[in-house]
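Which chain is which? The protein sequence lines are A and B, in order. The first sequence begins at 1 in this note's numbering and counts up by one. The second sequence begins at 1 in this note's numbering and counts up by one.
Check each hint, because a few of them may be wrong.
Below, simulated DSS-like cross-link-like pairs (lysine-lysine); rule was C-alpha separation at most 30 Å, straight line [as the list claims (entries may be wrong)]:
hint, chain 1, residue 1, chain 2, residue 2
1, B, Lys43, B, Lys3
2, A, Lys84, B, Lys43
3, A, Lys56, B, Lys44
4, A, Lys56, B, Lys43
5, A, Lys84, A, Lys56
6, B, Lys3, A, Lys84
7, B, Lys44, B, Lys3
8, B, Lys3, A, Lys56
A few chain B residues that face chain A, going by a derived Cβ cut-off under 7 Å, partial list only [stated by the list, open to error]:
hint, residue
9, Cys23
10, Ala24
11, Thr25
12, Gly46
13, His48
14, Gly49
15, Ile60
16, Gly62
Everything labelled a hint here was simulated from the structure, so no lab data went into it. The structure displayed is predicted, hence computed values, not measured ones. Each residue gets a CB set at the ideal place from its N, CA and C atoms; glycine is no exception.
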Amino acid sequence: MSEPLTVLAPIGGRALPLAEVPDPVFAEAMVGPGAAIEPDLGMSVAVSPVAGRIVKLHPHAYVVVTESGRGVLVHLGIDTVELKGAGFELLAAEGDEVAAGTPVITWDTAAVAAGGRSPICPVIALDAPADAVRTFAESGRVEAGSELFAWQ
Amino acid sequence: MGKAEDIVAGLGGADNIIEIEPCATRLRTDVRDASLVNDAALKKAGAHGVMRAGAAIQVIVGPEADTLASDIEDLLE
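Okay, chain B solo, but in the shape it has when bound (with noise of 0.2 Å):
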């Protein structure tokens, strides 16, 4: 799997994020349950920490978040 599927996964897959949006280090995400976010997981797709408050999880990914926001994109649709 790729980076950006990794991604999903430790999020809880696909039907569990309901937005997510770059900026320069960190993608920014709202999920609909928090308790499927895999910090463990996200950190082995290679993000370097986590952050969350609530159901809004920042992954904390460097300047690639963009490039990998718009992989993420592709694969929700």
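Chain A extracted, bound-state conformation (with noise of 0.2 Å):
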């Protein structure tokens, strides 16, 4: 066993479990576990989880893998990919190497929510077995940068 990995949130907002997140996909965990966040509605800056490289970066989404090979999905809103960018802003670039609470993204929850999708926001521990997950806050509130699960 590796050591464990703190993931940090990457928005503020209420902490959900990842079963009440409004798409099967991530609420059944089939990329893996995580956490949620429902963010506070208005202009908000995502940070990275985890340090590492950013192996994928969409406007609503981002991967880091760390050094280990571990790799952290977050999933900015839900269904988002259908705005095709219009209310993020990119803080990154895709190869970046980054610190834990690096800024990767800006978007506006408030436009998301108004545009009738969910600004929740999924952190998934990808492809892990659905027990490595231990969440530090399964509900209340989170800061971006403070402590969400560890992945075991």
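Given two chains presented individually in distinct reference frames, assemble the corresponding complex, making use of the accompanying hints.
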């Protein structure tokens, strides 16, 4: 077993169990276990949840892979691919090495909600076993950069 | 066969695919005949799951969706 990885909240808001995400792909942990955050409405800066390399960067989602090869997916809102980047501004580039807490994307959560989409943000331990994740805060308030879950 | 070929076959072949678009975790595709889509074959090809809404099929493949989609686009041309 490798060392547990502490995964930070990429945005501030209200922590939720992944099962409450209104998208079965995330709620049923099809791509991995994790946690979710319902953001405050307004401009939000999403940060890297771990130190590593940004291997995928979409306007609405990103994956950071750690030195030990673990990938964490941050998905900003549900069905937000349909916005084609409107309301999202990239602050980093694919391939960048980032520290945990480095700003990656600025987005307007109020605009996402006004468009009828959920701004809930799943944070996923990609391809991890279902029991590998222990959340620090199953519910309640989290800030960007605070500890969200441990990946065993 | 490669993964892209396997997914095209699982979706009922190139002629069955009207459109395919990646998002962060999945391939979103519209097919002509949803009955030709083989969930078991798609899972064997490496999909984590398949979601259906009529002829709109989502194949859950994880973050490699964008590279797989461009491989599949190449096969469809």
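Taking the hints in turn, this is what the structure says about them:
1. Among the hinted pairs, Lys43(B) with Lys3(B) is consistent with the structure: their alpha-carbon atoms are about 11 Å apart, no more than 30 Å.
2. A hinted pair counts as satisfied when its Cα atoms are at most 30 Å apart, and Lys84(A) with Lys43(B) qualifies at roughly 28 Å.
3. For the suggested pair Lys56(A) and Lys44(B), the alpha carbons sit about 25 Å apart, so the restraint of at most 30 Å is met.
4. Restraint check for Lys56(A) and Lys43(B): satisfied, since their Cα atoms lie roughly 23 Å apart, inside the 30 Å limit.
5. Taking the CA atoms of Lys84(A) and Lys56(A), the gap is about 16 Å. The hint holds against a cut of 30 Å.
6. With a C-alpha separation of about 27 Å, the suggested pair Lys3(B) and Lys84(A) falls inside the 30 Å cut-off, and the hint holds.
7. In summary, the hint linking Lys44(B) to Lys3(B) is supported, as the alpha carbons are separated by about 10 Å, within the 30 Å threshold.
8. For the suggested pair Lys3(B) and Lys56(A), the alpha carbons sit about 19 Å apart, so the restraint of at most 30 Å is met.
9. Look at Cys23(B): its Cβ gets to within about 4 Å of chain A, closer than 7 Å, so that hint holds up.
10. Here the hint on Ala24(B) is kept, as its CB sits about 4 Å from the closest CB of chain A, short of 7 Å.
11. Hint on Thr25(B) holds. Least Cβ distance to chain A is approximately 5 Å, under the 7 Å limit.
12. A distance limit of 7 Å between C-beta atoms decides the matter here; for Gly46(B) the minimum to chain A is near 11 Å, and the interface restraint is violated.
13. Checking His48(B) against chain A: minimum C-beta separation of about 4 Å stays under 7 Å; hint holds.
14. With a cut of 7 Å, the hint placing Gly49(B) at the interface with chain A holds, because the nearest CB-to-CB distance is about 5 Å.
15. Annotation: interface hint on Ile60(B) holds; nearest CB of chain A at approximately 5 Å, less than 7 Å.
16. Evaluation of the Gly62(B) hint against chain A yields a held restraint, the C-beta minimum of about 5 Å falling below 7 Å.
Hint 12 from the list above is the single one not met by this structure.
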